[in-house]
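As given, the protein sequences belong to chains A and B, one line each in that order.
To convert, take the position in the first sequence, counting from 1, and add 99; that gives the working numbering.
To convert, take the position in the second sequence, counting from 1, and add 99; that gives the working numbering.
A hint or two may mislead.
Given that identical chains are not distinguished, each listed pair holds provided it fits within a single copy or across any two copies.
Taking lysine-lysine and the BS3-like style, the derived pairs with C-alpha atoms no more than 30 Å apart in a straight line are [what the hints assert, rightly or not]:
(1) 233 <-> 116
(2) 233 <-> 199
(3) 116 <-> 195
(4) 151 <-> 116
Keep in mind that the hints were calculated from the coordinates and are not lab data.
There are 2 protein chains.
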Amino acid sequence: MQGMPESLLGLVENFSKLPGVGKKTAERLAIYILQSSNDDVTSLSDALLNVKQNIEVDSISHCFKENDLCINDTPDRDSNILCVVQHATDVFLMEKSGYKGHYHVLDGLISPLDGILPEDLNIANLLDVIKKYKELVVALDPTPQGDTTSLYLIDLFKNYDLEITRLARGVPIGSSLDYIDELTLAYSFEDRVKVK
Amino acid sequence: MQGMPESLLGLVENFSKLPGVGKKTAERLAIYILQSSNDDVTSLSDALLNVKQNIEVDSISHCFKENDLCINDTPDRDSNILCVVQHATDVFLMEKSGYKGHYHVLDGLISPLDGILPEDLNIANLLDVIKKYKELVVALDPTPQGDTTSLYLIDLFKNYDLEITRLARGVPIGSSLDYIDELTLAYSFEDRVKVK
Numbered sequence: 100m101q102g103m104p105e106s107l108l109g110l111v112e113n114f115s116k117l118p119g120v121g122k123k124t125a126e127r128l129a130i131y132i133l134q135s136s137n138d139d140v141t142s143l144s145d146a147l148l149n150v151k152q153n154i155e156v157d158s159i160s161h162c163f164k165e166n167d168l169c170i171n172d173t174p175d176r177d178s179n180i181l182c183v184v185q186h187a188t189d190v191f192l193m194e195k196s197g198y199k200g201h202y203h204v205l206d207g208l209i210s211p212l213d214g215i216l217p218e219d220l221n222i223a224n225l226l227d228v229i230k231k232y233k234e235l236v237v238a239l240d241p242t243p244q245g246d247t248t249s250l251y252l253i254d255l256f257k258n259y260d261l262e263i264t265r266l267a268r269g270v271p272i273g274s275s276l277d278y279i280d281e282l283t284l285a286y287s288f289e290d291r292v293k294v295k
Numbered sequence: 100m101q102g103m104p105e106s107l108l109g110l111v112e113n114f115s116k117l118p119g120v121g122k123k124t125a126e127r128l129a130i131y132i133l134q135s136s137n138d139d140v141t142s143l144s145d146a147l148l149n150v151k152q153n154i155e156v157d158s159i160s161h162c163f164k165e166n167d168l169c170i171n172d173t174p175d176r177d178s179n180i181l182c183v184v185q186h187a188t189d190v191f192l193m194e195k196s197g198y199k200g201h202y203h204v205l206d207g208l209i210s211p212l213d214g215i216l217p218e219d220l221n222i223a224n225l226l227d228v229i230k231k232y233k234e235l236v237v238a239l240d241p242t243p244q245g246d247t248t249s250l251y252l253i254d255l256f257k258n259y260d261l262e263i264t265r266l267a268r269g270v271p272i273g274s275s276l277d278y279i280d281e282l283t284l285a286y287s288f289e290d291r292v293k294v295k
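All chains should be built: construct the whole structure from the sequences, respecting the hints.
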């Protein structure tokens, strides 16, 4: 934008790269920063760098870890149950549900058409740790790739003394039955739960 | 959010302070940063600090300046016309309109009820520079405080050889006449323009 000092234009450009931030919002944010205290701006700048400097990926579970501690090392978690997810960021979502077991991140889904085979995923490490657990929860996307990967894991562990579960499929809370697609409805019949 | 590394929580907190950024958006932005390249994050972090370090306020016009150059020092601007605005950030708005003269920032509006008097504003510097200009455009908010300040300036310069104008008031472009308030409509009658 004309009339803006160069540094401000630079910040607008950087803000515009963030998801969901358009040109107008980026300008508004940049002007807000210009008017913020030095302390607030330094704090945001440091917070950005800290995230990249302090957060690593655990070599086994591929969960994020900080100070050499990943979420599976936290006390008070159920160490009998392991939840397999696609991305390390899926862990934050799962935590919101109240799940309190361990996690294992695959870093992808099997997708032969895209050239992603089981050996490209973090499955070798899963084989190393699986014996410690009594239950494996497969929490992958309800897509062809997610289903393929789930089936692969079920087959892989079929001879293990291990309970394997997957997330329930059905009607999302708060939705109206009128707007549910047939496949979801079919799954919610298949997974129906006895209530009496 | 549970399960998030501490540095990520810190970034979420910092993002939440930005205007229009709620908890959910802050989380989404923080996760985006976590997945961005080191270069992109360093670039954003530097851009934030640059804004605070490089941008100063001109001692006379109170416009923002960088590298010791404020917008009034830019060549190819009309040095006969001076636009008075409330905030230094208003300059960015005015620039979008295509205005190409100089600017003077008051840093506020006269508001006796809030204890803001003419001597609290950047008016002494205006008196120093006004003789260089042929026209003064008063571009203040159409509010009681804005109007008071405009009238004060008009009175202050009544004996100067200076044309004084204010921004036209009327129907905003793209709006429907059905939804315009009576006062705006009254102004658009008063400021009506001869077309034939």
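A quick look at each hint next to the structure:
no.: 1; hint: 233 <-> 116; in the structure: neither (44 Å within a copy, 43 Å between copies)
no.: 2; hint: 233 <-> 199; in the structure: within (14 Å within a copy, 73 Å between copies)
no.: 3; hint: 116 <-> 195; in the structure: both (27 Å within a copy, 22 Å between copies)
no.: 4; hint: 151 <-> 116; in the structure: both (17 Å within a copy, 20 Å between copies)
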